[in-house]
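**Student:** Build the full structure now, drawing on both the sequences and the hints.
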Amino acid sequence: MNLAQLPVGDTARVVTLSVSIDLAQRLVALGLRRDSVITVLRRGWLGGPLQLRVGGTEIMLRRAAAQQIEIIAIDMQTKAQTATQAPTEMNPAEVIP
Amino acid sequence: MKRIALVGMPNTGKSTLFNRLTGGTARVANWPGLTVELACSRILLGAQMVQVFDLPGIYDLTGGAEDEQVAQRFLSEASLDAVVLVLNACQLDRQLALALQLKALGAPLVICLNMHDEAKRAGISIDVAALSAALDAPVQLLSAKYGHGLAECKKAIEGIFSQPAQKIDFSHIPHTANSANLHAREKQLFERCVQQAPTLNEGATARLDRLVLHPWLGLPLFILMMLALFQLTYAIGTPLQDLLEAGLTWFKDSALLPATASLPSFWQGIIVSGLFDGVSTVLTFAPIIFLFFCLMSVIEDSGYFARAAFMMDGLMSRMGLDGRGFVMLMMGFGCNVPAIMGTRVIRDHKARLLTMLTIPFSLCSARLQIFLFLSGALFSPTHAPWVVLSLYLASILIAMLTAVLFKAKFKSNEPFALELPPYRLPLLTHIWRRGWGEARDFLRLATTMIVLGVVLVWLLTNFPNPQHSYAAIISDFLAPVLRPIGIESTLSIALIFGFVAKEVVLGALSVITGHEGAALATQLSHTLDPVSAYSFMLFSLIYIPCISAIAAIKKESKSNLYTVFSMTWSLGLAWMVSFVFYQSARLLGF
Ligand SMILES: Nc1nc2c(ncn2[C@@H]2O[C@H](COP(=O)(O)OP(=O)(O)O)[C@@H](O)[C@H]2O)c(=O)[nH]1
Ligand SMILES: [Mg+2]
Numbered sequence: 396m397n398l399a400q401l402p403v404g405d406t407a408r409v410v411t412l413s414v415s416i417d418l419a420q421r422l423v424a425l426g427l428r429r430d431s432v433i434t435v436l437r438r439g440w441l442g443g444p445l446q447l448r449v450g451g452t453e454i455m456l457r458r459a460a461a462q463q464i465e466i467i468a469i470d471m472q473t474k475a476q477t478a479t480q481a482p483t484e485m486n487p488a489e490v491i492p
Numbered sequence: 036m037k038r039i040a041l042v043g044m045p046n047t048g049k050s051t052l053f054n055r056l057t058g059g060t061a062r063v064a065n066w067p068g069l070t071v072e073l074a075c076s077r078i079l080l081g082a083q084m085v086q087v088f089d090l091p092g093i094y095d096l097t098g099g100a101e102d103e104q105v106a107q108r109f110l111s112e113a114s115l116d117a118v119v120l121v122l123n124a125c126q127l128d129r130q131l132a133l134a135l136q137l138k139a140l141g142a143p144l145v146i147c148l149n150m151h152d153e154a155k156r157a158g159i160s161i162d163v164a165a166l167s168a169a170l171d172a173p174v175q176l177l178s179a180k181y182g183h184g185l186a187e188c189k190k191a192i193e194g195i196f197s198q199p200a201q202k203i204d205f206s207h208i209p210h211t212a213n214s215a216n217l218h219a220r221e222k223q224l225f226e227r228c229v230q231q232a233p234t235l236n237e238g239a240t241a242r243l244d245r246l247v248l249h250p251w252l253g254l255p256l257f258i259l260m261m262l263a264l265f266q267l268t269y270a271i272g273t274p275l276q277d278l279l280e281a282g283l284t285w286f287k288d289s290a291l292l293p294a295t296a297s298l299p300s301f302w303q304g305i306i307v308s309g310l311f312d313g314v315s316t317v318l319t320f321a322p323i324i325f326l327f328f329c330l331m332s333v334i335e336d337s338g339y340f341a342r343a344a345f346m347m348d349g350l351m352s353r354m355g356l357d358g359r360g361f362v363m364l365m366m367g368f369g370c371n372v373p374a375i376m377g378t379r380v381i382r383d384h385k386a387r388l389l390t391m392l393t394i395p396f397s398l399c400s401a402r403l404q405i406f407l408f409l410s411g412a413l414f415s416p417t418h419a420p421w422v423v424l425s426l427y428l429a430s431i432l433i434a435m436l437t438a439v440l441f442k443a444k445f446k447s448n449e450p451f452a453l454e455l456p457p458y459r460l461p462l463l464t465h466i467w468r469r470g471w472g473e474a475r476d477f478l479r480l481a482t483t484m485i486v487l488g489v490v491l492v493w494l495l496t497n498f499p500n501p502q503h504s505y506a507a508i509i510s511d512f513l514a515p516v517l518r519p520i521g522i523e524s525t526l527s528i529a530l531i532f533g534f535v536a537k538e539v540v541l542g543a544l545s546v547i548t549g550h551e552g553a554a555l556a557t558q559l560s561h562t563l564d565p566v567s568a569y570s571f572m573l574f575s576l577i578y579i580p581c582i583s584a585i586a587a588i589k590k591e592s593k594s595n596l597y598t599v600f601s602m603t604w605s606l607g608l609a610w611m612v613s614f615v616f617y618q619s620a621r622l623l624g625f
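Protein chains in written order, with our numbering: chain H, 396 to 492; chain Z, 36 to 625.
Simulated from the structure, these hints should not be mistaken for laboratory data. Wrong hints could be hidden among the right ones.
Stated by the list, open to error - Covered stretches of chain H, going by a simulated chain Z footprint (3 or more residues, C-beta under 8 Å):
(1) 422-428
(2) 433-447
(3) 453-466
Stated by the list, open to error - FRET-style restraints, in silico, Cβ to Cβ:
(4) Z:S167 x H:R429: 41 to 47 Å
(5) H:G442 x Z:L460: 30 to 36 Å
(6) Z:S160 x H:T434: 21 to 27 Å
(7) H:M396 x Z:R108: 53 to 59 Å
Note that this is a predicted model, so its numbers are computed, not measured. For glycine and all other residues, C-beta sits at the position ideal for the given N, C-alpha and C.
**Tutor:** Written as structure tokens, this is what we have:
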């Protein structure tokens, strides 16, 4: 599933960013990285961009670019679980690049 | 002398801090990418003279658009005594990497966690001591907008001066897009030092966005805002303008005329009908300028620009532009020059050139003066606001039309991501400073360029003699071009001077007609009818921005050919649009 397919209001975890290197660099700086949790807030009219929330940041991203971002949807139950488990669960895996 | 630089991601409050530190007037707006050039000021910090540099925001230490490169180049070349890294305390989850990177390069860091007020409201608590220990650098909570924590920041900067100045080596920085290691460390640091209380109810920004970004309400809301912008300016400004005009007329009648009565008629003419009439007509617009920019600063600082980019991106992408281009057009409503420079945030050169081609059509505050005056003189008070609004819409439509026509020539497909910052309320001091700053620049212009302009116009219209003046010769020469678009050839001098600065146009008109202020309005209503006046306004809107805008286009495009092309297109289009409007209006019997 890619980010452009995620319904408005839903949350997902980023799997891969297969966008151009320049855009990838910008997205990473804006907090949209592998494993970040991302919410689609709305879609612009006339095929306009997506409004996303990642961490403490809201960004807009065109749908064409969003199609190149692979995600897995998180439904609300597992989200509540990962939220409580997150600190212990994720750190060891993260340190090894 | 010590040198320090303010570094950080866009929109973190660097310019706000710069103004706080130096008492300067760097422009501040809630839009990532407003500062695109270095600013510098000297201050006394403790016992030392310190040179403070405000840099454009950077997302990374390498790569990026031209605005980022300005900052990166400066950082790699300058030897700095302190690098003041400004981070947004609400976005440490993604901004701490910059601190880790700069620290690894050995920069003499002082870290300011700005927007502490917003972080507190969002329930974010930060372990400053742990962060400082982990980064091995002083860390200070700051609220640059309100000045909280400023004294401590200054102390922290002074404290770091004991170390010798350093040059940062930029030659071996790894690309951040795939430096998982850096981001893993960032994440660890964030989780260790920052706690966020879970927020359940949606914030004010989300609630406002539902209205502002509404698919159907968004656009009408934008138009309503434009209408409010100039209507409010006009409603509050006109009484002030009348007052100023009355004062100037009183001065003319009771002081200037008696004082110049004994002078030879040449000198009396040049002083009274040239200088005074011309300049005073322009000067009465100072309150309008002040109010307009006060209101503009509210829009800039609110965060609306980024929403406009979101809202218009779908439409703009069909014209080969993107949402940022629309923001530049809005910025151009103030003045085209900073908007042209603002295109630096667009990385793709062709996309930048196409955006730059559209900006000169943005109805700037100088052109607004002409339109307010003429629409007030020739249309009824109920019609005048709609006339001005129609010109704003024409300005946007013409910009879009230009993009559509040339998008094949400047084909690009730059993928981009843009931050949507939260809505913010500007401080009164900020609004005042922006309004006053622009009004002061306007007065400076009025007392230099415009003085020169109106004196020249007077000389042209009176030499060799008023019946066969140089102005008349020029008018006769241009008449075949201007008659088909309904512009009386006597006005051609005003248009020629409008090429230098649009502010001169009204001054020139008053010199040409020999009337000022209200008398000028009545005089114009005799010589022009609404159709020819509207044609004149359309032409003034489109034909060429002004000398400074052209200089900015040349500087940013680095191409003479492009600059000439842009000017030729504007001039040609202006004539065509006015021609089509004027002739069809006449055909329809108006
Ligand atoms: N709430 C809050 N807003 C701030 C603070 N500092 C700056 N701002 C706002 O943040 C926006 C960006 O500021 P600016 O100085 O232009 O950021 P720059 O791009 O880093 O130069 C503006 O709307 C400022 O008014 C702060 O301490 N608190
Ligand atoms: Mg700035």
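**Student:** Each hint: holds or not?
**Tutor:** Hint-by-hint comparison with the structure:
Given as covered by chain Z, the region 422-428 of chain H passes the check, having 7 residues with a CB less than 8 Å from a CB of that chain where 3 are the minimum. Counting residues of the region 433-447 of chain H whose beta-carbon sits less than 8 Å from any beta-carbon of chain Z gives 9, enough to reach three: the coverage restraint holds. Using a Cβ-Cβ cut-off of 8 Å, 7 residues of the region 453-466 of chain H lie near chain Z, which meets the minimum of three, so the contact claim holds. For the pair Z:S167 and H:R429, the beta carbons lie near 29 Å from each other, so the given range of 41 to 47 Å is not met.
For H:G442 paired with Z:L460, a C-beta distance near 33 Å keeps the hint of 30 to 36 Å intact. Checked against the hint of 21 to 27 Å, the C-beta distance between Z:S160 and H:T434 comes to roughly 23 Å, which is consistent with it. Distance hint check: the CB atoms of H:M396 and Z:R108 are about 41 Å apart, inconsistent with the given range 53 to 59 Å.
Hints 4 and 7, counting from the list given before, are not met by this structure.
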